[in-house]
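Between the sequences and the hints, there should be enough to build the whole structure, so can you do that?
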Amino acid sequence: MTSNRELLDRSLKAVWHPCTQMKQHASAVDALPLVPIASGKGVWLYDFDGHRYLDGISSWWVNLFGHCHPRINAALREQLDELEHVILAGFTQRPVVELSERLA
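With the numbering used here, letter number 18 in the sequence shown gets 18, and the count goes up by one each step, no holes.
Derived from the structure by calculation, the hints contain no laboratory data. Any given hint could be a false lead.
[What the hints assert, rightly or not] Derived SDA-like pairs: lysine to any residue, alpha-carbon spacing no greater than 25 Å straight-line:
(1) K41 to S58
(2) K41 to T2
(3) K41 to E84
(4) K41 to G56
(5) K41 to L76
(6) K41 to P70
(7) K41 to H51
(8) K13 to A38
(9) K41 to R5
(10) K41 to M1
(11) K41 to C68
(12) K41 to A31
(13) K41 to I72
(14) K13 to P33
[What the hints assert, rightly or not] Cβ pair distances, simulated, as ranges:
(15) H51 to G90: 41 to 47 Å
(16) P70 to K13: 31 to 37 Å
(17) N63 to A104: 21 to 27 Å
(18) E101 to A38: 35 to 41 Å
(19) T2 to N63: 37 to 43 Å
Where a beta carbon is used, it is the ideal one built from N, C-alpha and C, also for glycine.
This is the structure we're talking about:
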């Protein structure tokens with residue numbers, strides 16, 4: 001089982017956190033620790049030690065529907081079985097066309 005400390009140590013060694021000042025997380029002086037997230041449900045995020053945090057950032061669709069929304073997760077699973085990703089530079093795909101038609 002992963003602990004908060006283990007994940008923080010591994011993250012600081014291997015991950016570039018592009019939306020933060022890395023020196024704030026890596027410095028022993030004036031450190032601003034990263035928040036290690038293990039899971040999310042609704043508006044809540046949970047760390048590996050069982051602490052709960054209100055997700056005040058709510059990026060992407062989470063700001064409207066919360067984490068682990070069953071309908072969104074089902075649609076994501078269905079899409080993953082068909083195609084994970086393709087860039088739209090010179091390519092297109094059915095879900096993009098269908099959504100664009102609905103929005104037009």
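Against the structure, the hints come out as follows:
1. K41 to S58: The given pair, whose Cα atoms are some 12 Å apart, holds under the 25 Å limit.
2. K41 to T2: 19 Å, holds
3. K41 to E84: 23 Å, holds
4. K41 to G56: 13 Å, holds
5. K41 to L76: Given pair K41, L76 holds - Cα atoms ~16 Å apart, limit 25 Å.
6. K41 to P70: 10 Å, holds
7. K41 to H51: 13 Å, holds
8. K13 to A38: 18 Å, holds
9. K41 to R5: 22 Å, holds
10. K41 to M1: 20 Å, holds
11. K41 to C68: Roughly 6 Å separates the two Cα atoms, so the pair holds.
12. K41 to A31: 28 Å, violated
13. K41 to I72: 13 Å, holds
14. K13 to P33: Since the Cα atoms of K13 and P33 sit roughly 14 Å apart, the hinted pair holds (cutoff 25 Å).
15. H51 to G90: 41 to 47 Å: For G90 against H51, whose Cβ atoms are near 45 Å apart, the range 41 to 47 Å holds.
16. P70 to K13: 31 to 37 Å: At 35 Å between Cβs, range holds.
17. N63 to A104: 21 to 27 Å: Cβ of N63 to Cβ of A104: about 24 Å, so the range 21 to 27 Å holds.
18. E101 to A38: 35 to 41 Å: 39 Å, holds
19. T2 to N63: 37 to 43 Å: With Cβ atoms ~27 Å apart, the hint is violated.
In this structure, the earlier hints numbered 12, 19 are contradicted, and the remaining ones agree with it.
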